[in-house]
Each structure stands twice: as C-alpha cells, then as structure tokens.
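Start from the sequences, fold in the hints, and give me the full structure.
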Amino acid sequence: MHVAITGATGSIGGALAESLRADGHTVTGITRSQPGTGQLQWSPAQGRIDAAGLRGVDTVVHLAGEKIGFASWHPRAIAAARWTPDTRREILDSRVEGTSLLARTLAGMDDGPRTFVSASAIGYYGDRGDETLTESSASGDLFLSKVCRAWEASADPARDAGIRVVHPRIGIVQTPKDGALQRSLPLFRLGLGGPFGSGRQWWSWVMLEDVVGVLRHAVTNDGVTGPLNVTAPTPVTNAEWTKTLGRVLGRPAILPVPRFGPRLIFGQMSDELIYASARVLPEATLASGYTFRHTDLEAGLRSVL
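Sequential numbering from 1 applies to the sequence shown in this note's numbering.
Just so you know, these hints were derived from the structure itself, not from any lab.
Don't take every hint at face value.
[Claimed, not checked] Straight-line C-alpha distance at most 20 Å; calculated EDC-like pairs for lysine to aspartate or glutamate:
hint, residue 1, residue 2
1, LYS146, ASP93
2, LYS67, ASP93
3, LYS146, GLU90
4, LYS146, ASP271
5, LYS177, GLU209
6, LYS243, GLU298
7, LYS67, ASP271
8, LYS146, GLU135
9, LYS67, ASP86
10, LYS177, GLU18
11, LYS67, GLU97
12, LYS177, GLU66
13, LYS146, GLU97
14, LYS146, GLU66
15, LYS146, ASP86
16, LYS67, GLU90
17, LYS67, ASP178
18, LYS146, ASP127
19, LYS177, GLU298
20, LYS243, ASP296
21, LYS146, ASP156
[Claimed, not checked] Beta-carbon label-pair distances, calculated as ranges:
hint, residue 1, residue 2, range
22, PRO186, ARG263, 17 to 25 Å
23, GLY250, ASP130, 25 to 33 Å
24, THR9, ARG76, 15 to 23 Å
25, ARG259, ASP50, 43 to 51 Å
26, ILE254, ASP130, 17 to 25 Å
Since we're looking at a predicted model, the values are computed, not measured.
Note that CB positions come from ideal geometry on N, CA and C, so glycine has one too.
Right, dumping it as structure tokens:
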C-alpha cells in the first residue's frame, strides 16, 4: 500500500512509518518544512497542500497537532506548556485546520486516497469518575472534550464524500520517548514518584506497539470505520500505575503529589491531563477484530524499560 502520514516525525508517526516500511509499504511524509525525498508539503494555517502528491496514495493517516503538555522539566518548557488563551487556541486550531484541509482536499479528488485515518484522543470523554466508557459514550465537558469533538467533526467533508473515515481515540501512550512515562521516569528513578492526589482517577493506558497496531488495523481493514478507542482493555487507576512503575524500576513510589502543586505550576492543564478520570474500554476496536498485544501494564512496562 501507499500511505501518507502527517506527524511522521513524532513518536507515534515515526513508529508507524517504520513498521509500514518494514513490511514493504510505501510511506510519504506530509511536512510543513521544505519537503525532501518521499515527502510532500502542506501549510494548514495557510490552507495549502500539495494535492498532486496525494494521487496514487491509498490512505492518509493524520497525526499532526500542537503538542499538549510539557516536553521536559526545564522551567522554560513548563512555562510554555501552560494553557493560556493563546495556547488553547493553538491547540484547537492545529487540529481543526489540518483535519479540515485534508478532508476537503480528499473530498475534491477523483484519484485520491479512499481512507482517512484521523487521530483523536480519549480526552473526548472528559472527567467521568468510575463510569465505564466505550466508543458509544457521550463526550465530556472539558476543554479537551471540545477540542476532540471539533477535531473529529472537521473530517466531515471526507465522510460526506464517501471516504472511509476512522478516528483512533488514543489513550495514555506508554513509551520512554514521550508522554507521561517519559516525564515520570526521572523522578521515579530517584525514588521520588508517587500517586497524583488520591490516585483514584482512571488512567487508560496503551503501549506504543498497540497504537501502531490499531492504526495499521484501521488502514488495512475496509470494514473499520468511525471511532476506535486505542486503549488497553485493562485500564488502571493512577495509584495502580504508580505502584506498577515503581515495582518495574525497583524504586519506592509512595510520595503523593498534592493537587495544588501541579495546579499551581500547570493551571487547567493539570486538571485535564493528570487528575481527570476516564475509564475507557476499546469495545469497538475489539469487535472490529483487533487483538491487543499488551493487556498487562507491568509486562508492557518491562518490555520497554
């Protein structure tokens, strides 16, 4: 197959591209930079894309978007991650503008891709306590819930044109290269890890290998459409996640982080990324025929650490 990917230099996009190429598929990266060999250029903010470069492509996988959260513990990185009004607008626009541009472009092509895999996130569900959530559950009322609704709706032009559209709602990806695990490792290795607040909030985790697996499943199976929760079928509470990571690293993980600390540093972001509870099950993903490789958190963490 020939697959075009936005966000191909990120941890998920890079792993997906590597996996596809290893099996002999052709991968074209869609980049905002000067395109090199095997790439095509776009500018979501300016509404421009090299549509000619999409001729002959079977599927577009859209993973690009403004980073949510902080990249490191450096004070500048933390300060830059706070959700100011401008930051919230950038987060929303980076997802809506890119998705809308791709959807409109694909809808207007007679010889273009017939499958559009456009990423979303479990932030769609908001803060729901102990409620069990599946792909058919209603959206929440947090900022990220609003972003995810708009993000998915931006693909409507492609959907209306008869293109198969899939929305992988990605959970908390467990990789030492990015995300919650990467940012937690320095503290946990020093024995300074612990649960956030009560630790009772649900963290719906997934290993990077399964994120790639579900994306490939969405690309290659014509019967798959609509939202797919990309979360292991065994979510855990933050307290369980903390205890498990400490056990894998051989370090104590008993120092709780009072809620006021992250809120003072990160503001609203801490409430939605750290303390929000989403107990998400991949009901539609499993029903579509995908089998998760990692359903045990400890075994999954040991495999990457």
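Evaluated hints:
1. LYS146 with ASP93: Since the Cα atoms of LYS146 and ASP93 sit roughly 12 Å apart, the hinted pair holds (cutoff 20 Å).
2. LYS67 with ASP93: Given pair LYS67, ASP93 holds - Cα atoms ~12 Å apart, limit 20 Å.
3. LYS146 with GLU90: holds (14 Å)
4. LYS146 with ASP271: holds (15 Å)
5. LYS177 with GLU209: holds (13 Å)
6. LYS243 with GLU298: holds (10 Å)
7. LYS67 with ASP271: holds (17 Å)
8. LYS146 with GLU135: holds (16 Å)
9. LYS67 with ASP86: Holds. LYS67 to ASP86 sits at ~13 Å (cutoff 20 Å).
10. LYS177 with GLU18: Roughly 15 Å separates the two Cα atoms, so the pair holds.
11. LYS67 with GLU97: It holds: about 15 Å lies between the C-alpha atoms, which stays within 20 Å.
12. LYS177 with GLU66: With Cα atoms ~17 Å apart, LYS177 and GLU66 stay inside 20 Å; holds.
13. LYS146 with GLU97: Distance of about 15 Å is within 20 Å: holds.
14. LYS146 with GLU66: holds (15 Å)
15. LYS146 with ASP86: holds (16 Å)
16. LYS67 with GLU90: Distance of about 9 Å is within 20 Å: holds.
17. LYS67 with ASP178: Distance ~11 Å between LYS67 and ASP178 Cα, so the pair holds.
18. LYS146 with ASP127: Holds, because 13 Å separates the two Cα atoms, which is no more than 20 Å.
19. LYS177 with GLU298: Judged against 20 Å, a Cα distance of about 18 Å means the pair holds.
20. LYS243 with ASP296: Given pair LYS243, ASP296 holds - Cα atoms ~14 Å apart, limit 20 Å.
21. LYS146 with ASP156: Answer holds: LYS146 to ASP156 is near 16 Å, not above 20 Å.
22. PRO186 with ARG263: 17 to 25 Å: Taking Cβ atoms as reference, PRO186 and ARG263 lie about 21 Å apart, which means the hint holds.
23. GLY250 with ASP130: 25 to 33 Å: Roughly 31 Å apart at Cβ, these two residues keep to the hinted range, so it holds.
24. THR9 with ARG76: 15 to 23 Å: 22 Å Cβ-Cβ, so the 15 to 23 Å window holds.
25. ARG259 with ASP50: 43 to 51 Å: Once the Cβ atoms are compared, 47 Å apart, the range 43 to 51 Å for ASP50 and ARG259 holds.
26. ILE254 with ASP130: 17 to 25 Å: holds (23 Å)
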